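Trainee: Each chain, written out:
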Amino acid sequence: MVESLYNVENETPSIWVLLEQQDGVLEGVSLELLSKGRELADAIGWELTGLLIGHQVAALADEAIAMGADQVLLVEHPLLEHFTVDGYTHVADQVLLRHQPSIFLLGATPDGRDLAGRLAVRLRTGLNADCTDLRLDPKTGILICEVSGFGGGVLALIEMQTHRPQMATVRPGVFLPGETDYNRTGSVVSPEFDLPPETIQTKITERVVGESLDLTQTPALVCGGRGIDGHFEWMYELAELLGGDVGATRPPVDEGHIERERQIGQTGVICRPKVAICCGISGAFHFVVGVQDADVVIAINNDPEAPIFDHADYCIVGDTHEIVPALIEVLKTSEVSKETAYG
Amino acid sequence: MDKFHIVVCIKVVPKPEEIAVDKETMLLIRDGVRSEINPPDMNAIEMALKLKDKYGGKISILSMGPPFFADYLRVPLAMGADHIYLMSDRNFGGADTLATTYTLAEGIRKIGDVDMVICGEESSDGATGQVPAGLAEWLGINQLTQMDEVDIDLRGKVARGKREIAGGHISLEVPFPVVVSAKTASNEPRFMDYTIKPWAFEEGRITVWGAEDVEVEDDHIGLPGSPTIVSGLEQAPERARKRQFLEGSPEEIADQLGKILVQAL
Numbered sequence: 003m004v005e006s007l008y009n010v011e012n013e014t015p016s017i018w019v020l021l022e023q024q025d026g027v028l029e030g031v032s033l034e035l036l037s038k039g040r041e042l043a044d045a046i047g048w049e050l051t052g053l054l055i056g057h058q059v060a061a062l063a064d065e066a067i068a069m070g071a072d073q074v075l076l077v078e079h080p081l082l083e084h085f086t087v088d089g090y091t092h093v094a095d096q097v098l099l100r101h102q103p104s105i106f107l108l109g110a111t112p113d114g115r116d117l118a119g120r121l122a123v124r125l126r127t128g129l130n131a132d133c134t135d136l137r138l139d140p141k142t143g144i145l146i147c148e149v150s151g152f153g154g155g156v157l158a159l160i161e162m163q164t165h166r167p168q169m170a171t172v173r174p175g176v177f178l179p180g181e182t183d184y185n186r187t188g189s190v191v192s193p194e195f196d197l198p199p200e201t202i203q204t205k206i207t208e209r210v211v212g213e214s215l216d217l218t219q220t221p222a223l224v225c226g227g228r229g230i231d232g233h234f235e236w237m238y239e240l241a242e243l244l245g246g247d248v249g250a251t252r253p254p255v256d257e258g259h260i261e262r263e264r265q266i267g268q269t270g271v272i273c274r275p276k277v278a279i280c281c282g283i284s285g286a287f288h289f290v291v292g293v294q295d296a297d298v299v300i301a302i303n304n305d306p307e308a309p310i311f312d313h314a315d316y317c318i319v320g321d322t323h324e325i326v327p328a329l330i331e332v333l334k335t336s337e338v339s340k341e342t343a344y345g
Numbered sequence: 158m159d160k161f162h163i164v165v166c167i168k169v170v171p172k173p174e175e176i177a178v179d180k181e182t183m184l185l186i187r188d189g190v191r192s193e194i195n196p197p198d199m200n201a202i203e204m205a206l207k208l209k210d211k212y213g214g215k216i217s218i219l220s221m222g223p224p225f226f227a228d229y230l231r232v233p234l235a236m237g238a239d240h241i242y243l244m245s246d247r248n249f250g251g252a253d254t255l256a257t258t259y260t261l262a263e264g265i266r267k268i269g270d271v272d273m274v275i276c277g278e279e280s281s282d283g284a285t286g287q288v289p290a291g292l293a294e295w296l297g298i299n300q301l302t303q304m305d306e307v308d309i310d311l312r313g314k315v316a317r318g319k320r321e322i323a324g325g326h327i328s329l330e331v332p333f334p335v336v337v338s339a340k341t342a343s344n345e346p347r348f349m350d351y352t353i354k355p356w357a358f359e360e361g362r363i364t365v366w367g368a369e370d371v372e373v374e375d376d377h378i379g380l381p382g383s384p385t386i387v388s389g390l391e392q393a394p395e396r397a398r399k400r401q402f403l404e405g406s407p408e409e410i411a412d413q414l415g416k417i418l419v420q421a422l
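Here the protein sequences line up with chains A and B, keeping their order. Numbering (our numbering) for the first sequence: 3 to 345. Numbering (our numbering) for the second sequence: 158 to 422.
It is possible that some hints are incorrect.
With a straight-line Cα cutoff of 30 Å, these simulated DSS-like cross-link-like pairs (lysine-lysine) come out [to be verified]:
| id | chain 1 | residue 1 | chain 2 | residue 2 |
| --- | --- | --- | --- | --- |
| 1 | B | K399 | A | K205 |
| 2 | B | K399 | A | K334 |
| 3 | A | K205 | B | K209 |
| 4 | B | K314 | B | K267 |
| 5 | B | K160 | A | K205 |
| 6 | B | K209 | B | K314 |
| 7 | B | K211 | A | K334 |
| 8 | B | K416 | B | K207 |
| 9 | B | K211 | B | K314 |
| 10 | B | K215 | A | K205 |
| 11 | B | K354 | A | K276 |
| 12 | A | K205 | B | K314 |
| 13 | B | K399 | A | K276 |
| 14 | B | K160 | B | K207 |
| 15 | B | K399 | B | K416 |
| 16 | B | K267 | B | K354 |
| 17 | A | K205 | B | K319 |
| 18 | A | K205 | B | K207 |
| 19 | B | K215 | B | K314 |
| 20 | B | K172 | B | K354 |
| 21 | B | K160 | B | K416 |
Example chain B residues on the side facing chain A (calculated, C-beta under 7 Å, incomplete) [what the hints assert, rightly or not]:
| id | residue |
| --- | --- |
| 22 | S192 |
| 23 | F225 |
| 24 | Q303 |
| 25 | I327 |
| 26 | R398 |
| 27 | L403 |
| 28 | I410 |
| 29 | D412 |
Here chain A is said to cover these stretches of chain B; the calculated rule only asks that three of the stretch's residues, wherever they fall, bring their Cβ under 8 Å from a Cβ of chain A [as the list claims (entries may be wrong)]:
| id | segment |
| --- | --- |
| 30 | 251-263 |
| 31 | 288-296 |
| 32 | 330-343 |
| 33 | 380-391 |
To be clear, the hints were calculated from the coordinates, so they are not data collected in a lab. Treat the numbers as computed from the prediction; the structure is a model and nothing was measured. Where a beta carbon is used, it is the ideal one built from N, C-alpha and C, also for glycine.
Please construct the entire structure, taking both the sequences and the accompanying hints into account.
Mentor: Put into structure tokens, the structure is as follows:
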């Protein structure tokens with residue numbers, strides 16, 4: 003087998019989390035990973051380190067410590083202001099090789115995936131992508147990554163014996179962020195690194211960042227599937243009345259009815275709303291995992307045999323085109339919309 | 158520069174809606190399950206064909222898998238691709254991301270003189286999306302991932318790509334050669350060309366390479382070359398739901414739902 007650049011023999015027992023930031027704000031998934039990383043580190047008695055790469059982002063180190071990190075490695079450089087896979091891989095590789103942590107966790111965001119995919123090959127190590135849970139064997143320090151198997155219903159547990167670091171990516175929303183505690187203490191260290199400008203071949207020619215969408219925090223998620231025939235205007239109206247937001251299954255996304263950022267499920271967003279309303283959705287496993295942590299699931303589908311009803315608390319066999327407008331009328335006159343939408 | 162040469166990496170996957178799992182053995186039930194080209198890879202093929210329409214050049218299709226893949230690989234040939242390569246060897250089996258990307262990278266090296274590699278964003282059966290970046294690293298070349306659009310500047314020898322992101326977009330430029338991943342559903346894959354389909358399915362040649370043909374390191378491929386191992390399978394815990402059916406007219410149901418929502422929120 004190809005040897006990793008360092009291995010279990012010379013690892014430093016520790017857990018690292020990539021602190022991904024955009025324009026000086028930490029990504030939600032990084033906070034979620036700090037929370038999970040803290041739990042794993044406490045169980046085995048290791049240190050939790052955040053790797054923070056950027057330009058003038060030192061203030062975020064304190065936030066990471068308040069969220070659970072024992073140490074933050076701060077890698078700052080003007081050329082690292084925005085993510086480039088060549089620049090970030092070059093510095094992350096150096097810092098990882100110097101410190102040789104056992105575990106390195108990253109968010110499964112576009113940038114996190116790019117960096118993870120490249121770094122894993124550069125370090126000649128394994129990578130478990132899109133993990134749905136992480137466990138740590140307290141005796142061996144082996145990370146056990148849970149991923150959903152193909153076709154659903156089955157979870158595969160994947161681990162790595164000798165190659166290091168044990169790398170894994172996790173989608174936003176899988177773990178819950180912890181409490182912020184500014185009384186926590188930790189150290190901020192700026193490691194040495196080199197970054198010859200020619201390392202970065204990627205030129206960012208334009209970057210337009212609007213308000214980003216975070217469906218993981220919405221209290222009410224209104225989801226539309228193939229059965230709503232692209233009528234997302236009702237989904238939006240319903241979501242607004244409930245003070246929530248709109249998601250979708252893959253078919254309407256693929257057909258261009260709605261943005262991909264709103265796709266819910268295994269290859270989309272994992273949500274934990276108080277209520278999920280699933281309209282015209284058949285209920286394939288890869289969608290259901292995206293709402294399985296909802297407190298209450300309501301499903302509307304004209305097919306009484308639709309699998310979604312096995313995963314719902316309240317089931318309505320009927321035409322979405324009749325039920326949803328009727329519900330909108332009820333909500334317009336009821337208390338729930340007055341309390342939640344504008345309150 | 159000679160003809161612009163694109164390699165499109167594609168995979169054949171079981172149709173997701175036909176897959177079931179044996180609850181006793183936890184193994185996939187494969188009998189009678191039909192396969193298809195991984196849908197995101199169709200967007201990669203279309204992205205390559207668009208570049209060929211505009212600038213000429215040639216397109217090679219590369220896949221790794223069992224011999225039956227060959228039938229599916231004739232589809233892109235009938236869409237307008239030029240060459241088909243299938244890396245097929247029992248020893249390639251059981252590969253994780255590290256071994257898969259290594260093997261594909263060696264296949265691309267063997268094809269030779271490649272300016273651009275295009276992949277789908279992810280596979281519908283693994284959905285990890287880690288292959289494009291890994292390939293780029295093994296090949297030591299640039300990458301443009303999750304691209305909605307890609308264009309090339311043959312004179313400047315650079316590729317330019319645009320990725321739509323929530324509320325905006327990012328435009329990147331990198332020198333050739335480059336690995337690109339096409340965002341799923343970023344284009345409308347064309348149908349097969351019925352004037353070339355008979356040729357593609359009857360005469361079109363498929364080059365099949367085993368491990369010896371591509372001169373891979375034996376210990377880098379397949380299961381032995383994969384550092385990650387599946388140590389267990391578990392049934393996904395299912396959350397118990399009430400499964401209560403609401404009856405009545407749409408208005409009556411809406412009334413009940415209204416009350417449920419007041420409680421839940």
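Trainee: All the hints need checking, so say for each whether the structure fits it.
Mentor: How the hints compare with the structure:
no.	hint	in the structure
1	B:K399 - A:K205	53 Å, violated
2	B:K399 - A:K334	27 Å, holds
3	A:K205 - B:K209	24 Å, holds
4	B:K314 - B:K267	22 Å, holds
5	B:K160 - A:K205	25 Å, holds
6	B:K209 - B:K314	16 Å, holds
7	B:K211 - A:K334	53 Å, violated
8	B:K416 - B:K207	53 Å, violated
9	B:K211 - B:K314	16 Å, holds
10	B:K215 - A:K205	27 Å, holds
11	B:K354 - A:K276	52 Å, violated
12	A:K205 - B:K314	14 Å, holds
13	B:K399 - A:K276	15 Å, holds
14	B:K160 - B:K207	15 Å, holds
15	B:K399 - B:K416	16 Å, holds
16	B:K267 - B:K354	27 Å, holds
17	A:K205 - B:K319	12 Å, holds
18	A:K205 - B:K207	23 Å, holds
19	B:K215 - B:K314	16 Å, holds
20	B:K172 - B:K354	23 Å, holds
21	B:K160 - B:K416	67 Å, violated
22	S192	13 Å, violated
23	F225	18 Å, violated
24	Q303	6 Å, holds
25	I327	5 Å, holds
26	R398	5 Å, holds
27	L403	5 Å, holds
28	I410	6 Å, holds
29	D412	6 Å, holds
30	251-263	holds (count 5)
31	288-296	holds (count 7)
32	330-343	holds (count 6)
33	380-391	holds (count 11)
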